[in-house]
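K.L.:
With chain L held as given, fit chain G onto it using these hints.
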Amino acid sequence: MNFGWLLPILILVPGLLGVACLFLRSARAVLRLCAIGTLGVAAIAGAVTLHVFRFVPLFAGRSWFMLDALSAYHLAVMMMVFSISALYGVIYFRDEVARGTFTDKQARRYGGLWFGSLAAMVLVLVSNNLGIMWVGIEATTLLTAFLICIHPTAAALEAMWKYLLMCSVGVAVAFMGTLLIAASAQQTSLHGSDALLWTALRDAVHQLDPALLKAGFIFLVIGYGTKAGLAPMHNWLPDAHSQAPSPVSAVFSGFLLNAALYCILRFLPLVEAATGNTGWGRGILIALGLLSIVLAAMFILFQRDIKRLLAYSSVEHVGLIALGVGLGGFGAVAALFHMLSHSLAKTVSFASAGMLGQSYGTHDLRHFQGIVRRVPVWGTSLVIGLLVLIGIAPFSIFLSEFFILKAALSQRAYWTACLLLVGLCVVFISVLRSAIAMAWESDTGVQASHRFKLSHGLLVFIPLAVLLVLGVWMPESFVQILIRASELLGGTP
Amino acid sequence: MTLLQDTLLVALILTSFGMLVSGRLGAYIRMGALQGVMIGLLPLVVGRATPTLHVVFVAAAMIGLKGLVFPYLLFRALRESDTKREMNPFVGHVPSVFFGILALLGSFWMDARLGFPIHSSAALVIPVAFTTIMIGLFLIVTRRTALSQVIGFLVLENGIYAFGLAIVYEVPILLELGVLMDVFVAVFVMGIAIYHINREFDHIDIDRLNTLRG
Numbered sequence: 001m002n003f004g005w006l007l008p009i010l011i012l013v014p015g016l017l018g019v020a021c022l023f024l025r026s027a028r029a030v031l032r033l034c035a036i037g038t039l040g041v042a043a044i045a046g047a048v049t050l051h052v053f054r055f056v057p058l059f060a061g062r063s064w065f066m067l068d069a070l071s072a073y074h075l076a077v078m079m080m081v082f083s084i085s086a087l088y089g090v091i092y093f094r095d096e097v098a099r100g101t102f103t104d105k106q107a108r109r110y111g112g113l114w115f116g117s118l119a120a121m122v123l124v125l126v127s128n129n130l131g132i133m134w135v136g137i138e139a140t141t142l143l144t145a146f147l148i149c150i151h152p153t154a155a156a157l158e159a160m161w162k163y164l165l166m167c168s169v170g171v172a173v174a175f176m177g178t179l180l181i182a183a184s185a186q187q188t189s190l191h192g193s194d195a196l197l198w199t200a201l202r203d204a205v206h207q208l209d210p211a212l213l214k215a216g217f218i219f220l221v222i223g224y225g226t227k228a229g230l231a232p233m234h235n236w237l238p239d240a241h242s243q244a245p246s247p248v249s250a251v252f253s254g255f256l257l258n259a260a261l262y263c264i265l266r267f268l269p270l271v272e273a274a275t276g277n278t279g280w281g282r283g284i285l286i287a288l289g290l291l292s293i294v295l296a297a298m299f300i301l302f303q304r305d306i307k308r309l310l311a312y313s314s315v316e317h318v319g320l321i322a323l324g325v326g327l328g329g330f331g332a333v334a335a336l337f338h339m340l341s342h343s344l345a346k347t348v349s350f351a352s353a354g355m356l357g358q359s360y361g362t363h364d365l366r367h368f369q370g371i372v373r374r375v376p377v378w379g380t381s382l383v384i385g386l387l388v389l390i391g392i393a394p395f396s397i398f399l400s401e402f403f404i405l406k407a408a409l410s411q412r413a414y415w416t417a418c419l420l421l422v423g424l425c426v427v428f429i430s431v432l433r434s435a436i437a438m439a440w441e442s443d444t445g446v447q448a449s450h451r452f453k454l455s456h457g458l459l460v461f462i463p464l465a466v467l468l469v470l471g472v473w474m475p476e477s478f479v480q481i482l483i484r485a486s487e488l489l490g491g492t493p
Numbered sequence: 001m002t003l004l005q006d007t008l009l010v011a012l013i014l015t016s017f018g019m020l021v022s023g024r025l026g027a028y029i030r031m032g033a034l035q036g037v038m039i040g041l042l043p044l045v046v047g048r049a050t051p052t053l054h055v056v057f058v059a060a061a062m063i064g065l066k067g068l069v070f071p072y073l074l075f076r077a078l079r080e081s082d083t084k085r086e087m088n089p090f091v092g093h094v095p096s097v098f099f100g101i102l103a104l105l106g107s108f109w110m111d112a113r114l115g116f117p118i119h120s121s122a123a124l125v126i127p128v129a130f131t132t133i134m135i136g137l138f139l140i141v142t143r144r145t146a147l148s149q150v151i152g153f154l155v156l157e158n159g160i161y162a163f164g165l166a167i168v169y170e171v172p173i174l175l176e177l178g179v180l181m182d183v184f185v186a187v188f189v190m191g192i193a194i195y196h197i198n199r200e201f202d203h204i205d206i207d208r209l210n211t212l213r214g
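Protein chains in written order, with the working numbering: chain L, 1 to 493; chain G, 1 to 214.
In isolation and in its complexed conformation, chain L is listed as follows (with noise of 0.2 angstroms):
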């Protein structure tokens, strides 16, 4: 039985969630639809993954739609992080609502954008077609623009206006890129919309023109590399990320990021394999990837505020996954597998940022003091997510972090590992300061301001219960999958 058409379905259902939010009298009712509607898209996301992780890849719509282990791998990976913040979402903006500051209208327009940007994702994992996946990226700059300014205050429209542009002008480079690789397979048998099919580029990729196929690789490194915050084009990250309202920060940084990455990711086993497998396009994400480490350690290293902090950190993670990816190998289900524990980590961190943010009315690290102790669930969640973050032990990220290192120094890329180490022990030291002080300094005196509810500690502790059991324990199917997605990324595991 083939289960393909249940892809275009996929997108379609987000869709009319997001149009059924307009039609909603309260906010409330808004904040609920997104949380039950996006548990729902999970579930049905989640059956389609077990499905192609068990058998085959699936294929709808003249092969348009696609979905294999790299894709699947992605997807399941983006409903986790949606359906954390969807709930996390309800909890959020539950005193905003009392205080009149969320209103129902602009609840109407953020649950329309939530699932609209939830739809536009969908379709970037899906898309077998390369243009069809450049616009689903586009589509996604221009839904999540709004939800940045759903308070439209001075700051939020400055981050969002750099986002659009930034962003804008970036994918529009993608798609030059896109148009080159179309270009370059004009010598091949394939016509029409055969040449932008992912599937039919890489069977003829022995007969793509190598030289477009270089051209237009670097353009689409450049152009969804500004969108997937690898420096030095990741300017409009910090602003964005910080500005939005946390549960669409934890999107954006779990997430977003990952699905423009995704896209790069696509296009690697193809010019490698075009340019006979030198190591041409994964030198450029190895060298972007160490750029990114070490230029967002430093701004680590000065930062005052915690979500900026968190946003920079997620330009040093996807750094370090495509770092992991150009490594190639080993490196790559590292970097998978990187990928998963980064995106918990951060919606966590996010998720608990935001209501620190709430209770002490300021996202400045220097006044959260003894936040263990005035705000129980999300401050103890914040300093195990910031922990979890920077690579402390049994957690997962240590893990895949030091078989990242343990890939470049098994290809004797020994400056790559001098440098990687560098960035990760400047984020060390630098990010366990500033949790050493929010947690425990001058808490004498400080009272509980929140009290223990089951419901808030199971959805952050929960994830971080799941980094800690990778960290120790993989099960051996997770393993297999996780093989399996990286080696559509080319090379020899």
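Worth flagging that the hints you see were computed from the coordinates, not collected in a lab. Misleading hints may appear alongside valid ones.
Residues on chain L that point at chain G, a partial pick, calculated with CB under 8 angstroms [stated by the list, open to error]:
1) Ala139
2) Ala145
3) Ala159
By construction, the Cβ of each residue, glycine as well, lies at the ideal position given by its N, Cα and C atoms.
P.N.:
Chain G only, in chain L's frame:
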């Protein structure tokens, strides 16, 4: 057809240069609309003897959007704001024109060096597309008001479209429509953004939006 094609291409470059010298935002929008119409006509004359129905349809959609809908949206945004002129761009008008000329020369040089595998009848399209792309980027970087940045983005988009026209023979219609819709939504969204920025700040000078740093 080549005479018609060359006329269109020259006019395309002239509209881009017009934007480099102009200071009034209204003139930017009109220039952009004119360029949009020409970009829409381009597929009808490039490289083909008789345009197919699909090409005509996309051209009509393009001309309608870029020649009518976008100017309408942008003029509305302009009416809302008090800013009517592009005051003190980061690079003055005379150096801007110099840049334009350099971009034009550079594009021909680059085109000669790269040697794209294209039909000889469309040979002039590539350097013109490069020039348009460069001028679009230049406008975005050097102009201060939000509105002229949007126009710069449209010029960039036009250049990329012309480039695609020359090097990809046949783009599926669904894809072309998807791209067109994205551009439409982009301009729409940017227009609303300008409205909000103007209401919050009383100006649309992007250079003065600089509180977020570090």
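K.L.:
Could you run down the list of hints and mark each one as holding or not?
P.N.:
Now the hints, each set against the structure:
This hint holds: Ala139 (chain L) has a C-beta 6 angstroms from the nearest C-beta of chain G, less than the 8 angstroms allowed. Taken as an interface hint, Ala145 (chain L) checks out: its beta carbon lies about 6 angstroms from the nearest beta carbon of chain G, inside 8 angstroms. For Ala159 (chain L), the shortest C-beta to C-beta distance to chain G is roughly 6 angstroms, which falls under 8 angstroms, so the interface hint holds.
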